[in-house]
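Q: Whole structure, please, built from the sequences with the hints as guidance.
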Amino acid sequence: MCRPDPWGGTFAIDHMMRFFSLSVWLPGLLASAALFVLMVMTFADVVLRSVFNAPIEVAADLTRLLMAVMVFSVMPVLSGRNAHVSVDLLDAPFARFRLSRWRDAAVCLFCGAILFLPAQRVFDLAERSRSYGDVMEYLRLPLHVVGWFIAAMTLVTAVVLVVRGVLLIVAPRLAGSAP
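Read left to right, the sequence shown gives residues 1333 to 1511 (my numbering).
Calculated from the structure, these hints are not laboratory results. Careful, some of the hints might be misleading.
Said to hold, decoys possible - Here are the in silico distance ranges between beta carbons for each label pair:
1. ARG1453 to THR1395: 18 to 26 Å
2. ALA1445 to MET1348: 24 to 32 Å
3. PRO1387 to ASP1346: 47 to 55 Å
4. ARG1453 to LEU1410: 16 to 24 Å
Glycine included, every Cβ here is placed at the ideal spot set by N, Cα and C.
A: Below you can see the structure in the form of structure tokens.
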């Protein structure tokens, strides 16, 4: 049940908006922190390797981990905002016939549907890794946790793309596209 607050809104809507704001802000913060740590670690590794002949031994493991966090944490946000890199070779003909929204909806629905397969496959591979007890070489962190993260973010991206595709069809203004 929604109770009105003193400013004319409702508590439920306010909390939902905070959740959505946090769900967009937090992955960006996580990816930014991963990139910053990756930059500092790479700089330190190069200096230590060149000057003192003492590289950071865990650098390879950390690089793999941080790259996965950086890429997959923001994938749902980029998909929801339609912020992926795209080639606009056919934009003019689609715009001329006012089919851009339908093209975008079809692409979102197709890509969202397709992403369910890799999410399932990565989850299966993570489970296999867990059953084998695979760990990172130097950090000794379980590899299946990284696999679960990648599978979860791929699944969230698939859902976001399907929702965006449906919104482009039924409520284009909500999807950020004009009819």
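Q: Evaluate each hint against the coordinates.
A: So, going through the hints one by one against the coordinates:
| no. | hint | verdict |
| --- | --- | --- |
| 1 | ARG1453 to THR1395: 18 to 26 Å | holds (23 Å) |
| 2 | ALA1445 to MET1348: 24 to 32 Å | holds (27 Å) |
| 3 | PRO1387 to ASP1346: 47 to 55 Å | holds (50 Å) |
| 4 | ARG1453 to LEU1410: 16 to 24 Å | holds (21 Å) |
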